[in-house]
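Enquirer: Given next are the chains, with one letter for each unit.
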Amino acid sequence: MIFEVFARKSRGEPLRHIGNLNAPDAELARVYAFNTYDEERWFDMWVTPREHFVEVFNAERQNGDVR
Amino acid sequence: MARTTTASVELDGAARTATHDLILSLADSKRLLGMRYAEWILGAPELEAGIACASMAQDEWGHARLLYALLKEFDVDVDRVEHGREADEYCNMVALDEAPDDWAGLIAINVLCDGALTVQLEALRASSYVPLRQRVGKLLEEESFHAAHGAAWWRRFASASDASRTALHDAVQARAGDVLAWFGPDGPGARTLIGASVADGAGSTLRERFVEKIAPLLASAGLGDVFTNIEPSFESFEEARRRPHGRAPDRATIQRIRGDRNREFLMD
Numbered sequence: 072m073i074f075e076v077f078a079r080k081s082r083g084e085p086l087r088h089i090g091n092l093n094a095p096d097a098e099l100a101r102v103y104a105f106n107t108y109d110e111e112r113w114f115d116m117w118v119t120p121r122e123h124f125v126e127v128f129n130a131e132r133q134n135g136d137v138r
Numbered sequence: 014m015a016r017t018t019t020a021s022v023e024l025d026g027a028a029r030t031a032t033h034d035l036i037l038s039l040a041d042s043k044r045l046l047g048m049r050y051a052e053w054i055l056g057a058p059e060l061e062a063g064i065a066c067a068s069m070a071q072d073e074w075g076h077a078r079l080l081y082a083l084l085k086e087f088d089v090d091v092d093r094v095e096h097g098r099e100a101d102e103y104c105n106m107v108a109l110d111e112a113p114d115d116w117a118g119l120i121a122i123n124v125l126c127d128g129a130l131t132v133q134l135e136a137l138r139a140s141s142y143v144p145l146r147q148r149v150g151k152l153l154e155e156e157s158f159h160a161a162h163g164a165a166w167w168r169r170f171a172s173a174s175d176a177s178r179t180a181l182h183d184a185v186q187a188r189a190g191d192v193l194a195w196f197g198p199d200g201p202g203a204r205t206l207i208g209a210s211v212a213d214g215a216g217s218t219l220r221e222r223f224v225e226k227i228a229p230l231l232a233s234a235g236l237g238d239v240f241t242n243i244e245p246s247f248e249s250f251e252e253a254r255r256r257p258h259g260r261a262p263d264r265a266t267i268q269r270i271r272g273d274r275n276r277e278f279l280m281d
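Heads up: the sequence lines are chains L and W, in that order.
According to my numbering, the first sequence is numbered sequentially starting from 72.
According to my numbering, the second sequence is numbered sequentially starting from 14.
Hints were generated in silico from the structure; no laboratory data involved.
Treat the hints loosely; a few may be bogus.
[To be verified] Covered stretches of chain W, as calculated for chain L (at least 3 residues, CB under 8 Å):
(1) 96-109
(2) 156-170
[As the list claims (entries may be wrong)] Take a look, some chain W residues computed to stay more than 12 Å from chain L by CB distance:
(3) Gln71
(4) Asp72
(5) Asp88
(6) Leu152
(7) Phe247
[Unchecked claim] List of simulated lysine-lysine pairs, DSBU-like, C-alpha gap at most 35 Å:
(8) W:Lys151 / L:Lys80
(9) W:Lys226 / W:Lys85
(10) W:Lys151 / W:Lys85
(11) L:Lys80 / W:Lys226
(12) W:Lys226 / W:Lys151
Think of the CB as a built atom: it goes at the ideal place given N, C-alpha and C, for glycine as much as any other residue.
Work the whole structure out from these sequences, hints included.
Expert: Structure representation (structure tokens):
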């Protein structure tokens, strides 16, 4: 399962997408995200399965286009 | 608790020796543990698991360096301790003497050995020996992700298949006795450490804490009774070195850890 990783530098900043990783579940995704992306000093970090994202729109596709 | 002031406590002879021995066993164990993680940077079952091993190896080697540096206060030639000793002088946990030959073995080491080191560090949180106490918090912070890695993989092994469960059982059973023994008998050294408030528990207490801590993981893998059925053996056990006399990590590993080959190319 692909997980997307987000983090922010300081309190109040918007979350920034910093990468993704492969993990079988959220428990390992959490560990892998820390191991892979904790080189910088982050205020907080989050992971979420990519499949949980719901697309609202995409400027390159016209309205009504079917994927 | 009377002695947990910010001023460094002067350790007297016996307490000083016992504290030195404790720090050295922690440092050597962390150095070997770092090596065991590093051996799986390439070859872990997932790219991300390899990265995790790289990260944990770095952490452990960092912890080892920090602990070796503490030995300066004990009039020890730290450079020799780090780079000059032979395999049979090491004071690491016996369960780290040999490289695990499969991933189940590495996960057993992750949970058991790394876990045991954490329990020992936790017993130093309120240590009267201030240089140690000041560093323990930072080490334990990093350890929480090692524990999470071990637990997550352990549960994967426990739930995947009969074969994976068997591999985990074998890996745990092969190391359980040595890990329990590492906490040591409640001998004179341990009593001295408690008397001087350097540590808040001796071997038997730490063993209980350790088994209690990993009980949920043991139960999840159907290994609930493994540790209750094992009596650690202290035959020819050297309390100071926290290992039985006459056993040593293999020389090749120690040569790599010391960086012998790197130093052949040392230029000034």
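Enquirer: Evaluate each hint against the coordinates.
Expert: Against the structure, the hints:
1. 96-109: Result for this restraint: violated, n = 0.
2. 156-170: With 8 residues close enough to chain L, the hint holds.
3. Gln71: violated, 10 Å
4. Asp72: violated, 10 Å
5. Asp88: It holds; aspartate 88 (chain W) is separated from chain L by about 37 Å at its closest Cβ, greater than 12 Å.
6. Leu152: holds, 16 Å
7. Phe247: holds, 35 Å
8. W:Lys151 / L:Lys80: holds, 21 Å
9. W:Lys226 / W:Lys85: holds, 33 Å
10. W:Lys151 / W:Lys85: Roughly 20 Å separates the two Cα atoms, so the pair holds.
11. L:Lys80 / W:Lys226: holds, 34 Å
12. W:Lys226 / W:Lys151: holds, 20 Å
Comparing the model with each numbered hint stated earlier shows that hints 1, 3, 4 do not hold.
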